[in-house]
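Visitor: As you go down the protein sequences, you meet chains A and B in turn. Following numbering that gives the first Met the number 0, the numbering of the first sequence begins with 0 at its first residue and continues without gaps. Following numbering that gives the first Met the number 0, the numbering of the second sequence begins with 0 at its first residue and continues without gaps.
Keep in mind that a hint or two might mislead.
Lysine-lysine pairs mimicking DSSO-like chemistry, simulated, CA-CA at most 30 Å apart [stated by the list, open to error]:
no., chain 1, residue 1, chain 2, residue 2
1, B, K413, A, K130
2, A, K323, A, K147
3, B, K58, A, K124
4, B, K130, A, K124
Short derived list, chain A residues pointing at chain B, Cβ under 10 Å [to be verified]:
no., residue
5, A114
6, T121
7, H126
8, I129
9, M133
10, L165
11, Y292
Since the hints were derived computationally from the structure, they do not count as laboratory data. Glycine included, each C-beta is placed from N, C-alpha and C at the ideal position.
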Amino acid sequence: MKYLLSLLLAAAATPALGQHNHAAAEQLVTADPHAGHQMDEEADDPHAGHDMPQSPSGPSDPHAGHQMPSTSATDAHRAHAGHEPGIPDPPVAPPSAAALRGPDHAADAIFGAQAMAPARETVRKEHGDIKSGMILIDQLEAVMGKGKDGYAWEAQGWYGGDIDRLWFKTEGESSFGESPEHAEVQALWSRALDPWWNLQAGIRQDFGAGPDRTYAVVGVQGLAPYWFEMGGALFLSDKGDFTARIEAEYDQRLTQKLILQPAAELNFSAQDVPELGIGSGLSTAELGLRLRYQFVPEFAPYVGVRYERAFGDTADFRRARDEKAGGWNFLIGIRSWF
Amino acid sequence: MTQTIDRRSLLRAGAVGAAGLGFSSLFPAWAQSGSAGLAGSPGLAPQMPTLSGENIHLKIANTPFTVGGRTGHAVTMNGLLPAPLIRLREGQNVRLHVENTLDEDSSIHWHGLIVPFQMDGVPGVSFPGIKPHTTFVYEFPLLQSGTYWYHSHSGLQEQQGHYGPIVIDPTEPDPVAYDREHVIVLSDWTFLHPHQLVTKLKSEGGYFNRQRQTLFGMLRGGPEESMSASDRAMWGKMRMDPTDIADVTAATYTYLVNGHGPQENWTGLFRSGERVRLRFINAATMTIFNIRIPGLPMTVVSADGLNVRPVTVDEFQIGNAETYDVIIQPTEDKAFTLVAESIDRSGMARATLAPRMGMTAPVPPLRPRPTLTMRDMGMGSMDHSSIAGMDHGAMAGMDHGGSHSMGSMNMRDKSLVPDSVKVGVGVDVIAMSPADRTGDPGVGLEDVGHKVLTYRDLMSLTPNPDTRPPQRTIEVHLTGNMERFMWSFDGEKFSEGVEPIRFERNERARVVLINDTMMTHPIHLHGHFFEVVNGHTGSYPRKHTVNVLPGGKVSLDLTADAPGDWAFHCHLLLHMHAGMFRVVTIRPLEGDAA
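Just need the whole structure built from these sequences, with the hints factored in.
Guide: Given below as structure tokens:
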């Protein structure tokens, strides 16, 4: 997170932007064909465009014969400038008893309740009850490093309304030509907690090397201040092991289409899980930096780098398998959604 | 001058002398490029509106529509986009036979017309809708005159081309003098299905915004990137995008004038020296336009169909469903470009006004994309600068004092709203200090160097009919969540089964619309004209649709004189679709014991 924050600050701390204000204003004025037309224009003949009728308007007008004030609207505006205009707001009050009388639905009396009821249900649904969905392949990448090259993916999708959604997530990694070293799928129910955050709960199934595990999942996912996409989850396995994960990513728009995305992931464990090579405490950390070019928002190839390493017992488990505790990788991939 | 209408020529729909330009098949006579205009065009062949009289037939159908060399699927009336001009006379009776040839329900709402509620055309509120392959007959007397329009109120058909203009000529001599007139229907066209728009916006609230602040842009500088680093941080902290001006932009839209894209260049003719009346209708679904004719001042003579005291401006902002009539008087034998820039300045609708076909004038480049200000954030009345003072200077001033303290402010302070407002997932911000913005010209127009219309410039030409003071206030908050693309009144979507807003028949009430969001919302009440409380007591402009600026508030005085059930909603179609909709009931009904 510190890394991300300092990156953001570096981006934000770029030179004095306020200075462009005047240049901007000037540019606006010079670019405008109306430059030089000043407010005087509104002082034009107040009757311009109106052919005032000789005799005041028709019989339907109860005010016929009232003399028109001679000021133009803009003059009157000036006269009122600085004043709280007109009649002050009356008190907020509920409708009167008379307003509550009569049928609930006026159209029922004309078209029949039978015809109106289904239409009323349709109009209700069509004004807010939107169901939609999305599949986001956030990362689908080739991973190149000192060891054998491999591939990794991270994707999620959802379907539902504004508050409740069915959410799935998957991620995994492997070497080319081998079955997945690690793969997981989560099926979650997601409920909006506030404008930006969702509570998610469900199950996770792992596949790949080592014994398969099933987990109960509870977590949050959402948008933190300063536009950080974040997620955190607790996992309880069918063997009673507790693990946790925190993720964050940030889209730094370099141009409208070129986007630099720092991302971080931390994994924790409450205990050693030797059969999965997980040690207690901070088990692994991953930092990524991906530069993508959005041809369209839905399709963006990228290049990137990733540093991943294990800590504590997790690192020891790796060394015991003749693996390195961590290292750098170069990434080429595609981000896509639909 | 009095307009006389020759009914035979009105019905002569085929009498199209226009140049066509090869795009003509779907354009009604009046929308043909090279239009000499409507009635009263001496010396030029009259180009008559298509439909008039006491019986009007409209057929809703799926048809292709071509713009910019590409053809897409449209839902049209009588095969035309926009639909035929319906030209009627005040005081007459009209029967509109509407045949729905679609495989889904449809409807027509007569926007701005004062009709009995059951003729208002909102399915599920005023009538059951027009079922597939059936005909519904609307019938009502015309109680008013002016520029109006009609459109579908079913699903998202309006986005697909289901709209057209209405002009009603007055019984009395028209107080507006003009030699020629053109109807200007502005709209937005996309080749995406409207449901795709919704899905994309639900997936990514800023999907169509391709004018965001960027790091390289900030380093390069320029008018679009002039926000200070500390202000950027403040907006970022709030998870608000100060460039989120329009939800759907030119990234997908082609902006149309009378069904013509900028390339097709719809051209309206005039003779120099003539007074030309332009009847602007914003029939767009998701686009607020800024309109100007470089080199020609415009005198606004009517708003939402009703006459106002003439006020001359260089530019005006028109919200969805608003109409403005302006008089221009070109005195030179040259062409002028009519520019309708989208509010976010991602694109424009363009047309030409010229003495002869083929003449064009320079098309000005799009101006820099505006950036939302503190005032748009609902900090309006905390800034003590003058109403017109939201220039860059004032913003720069906010940089020093404002931003630091902003960090600790609660942007969703529930104590600022009444208990009736549900501050939940659907409300991402509450305006801390909403200002009366009727004196503001609209987002991005504070500092354009010429006179821009504000609501405070509008005064009704005739005294307001009901001068009783309002007896109670009804406060309605306009609420939303930009990230999740949720929109509502008082934090509750219509689909959540909300209570109607209830009025007693003929009661006089003040409706205060408070815009907690950072977007402009054109709010429309069916069946009524309300008075926009803008300081001109007794001569308030009477409107059917009012733009409520971001972080601002507008007071409306209403005489609830139309018994029945009425729709009340944001006229940004996808905001309405997302939940920004209510039913207004007025009781007792006709015939009920009072």
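Visitor: It remains to establish, for every hint, whether it holds in the given structure.
Guide: Evaluated hints:
| no. | hint | in the structure |
| --- | --- | --- |
| 1 | B:K413 to A:K130 | holds, 28 Å |
| 2 | A:K323 to A:K147 | holds, 13 Å |
| 3 | B:K58 to A:K124 | holds, 26 Å |
| 4 | B:K130 to A:K124 | holds, 18 Å |
| 5 | A114 | holds, 4 Å |
| 6 | T121 | holds, 6 Å |
| 7 | H126 | holds, 4 Å |
| 8 | I129 | holds, 6 Å |
| 9 | M133 | holds, 4 Å |
| 10 | L165 | violated, 14 Å |
| 11 | Y292 | violated, 13 Å |
Of the hints listed earlier, those the structure fails to meet are numbers 10, 11, in rising order.
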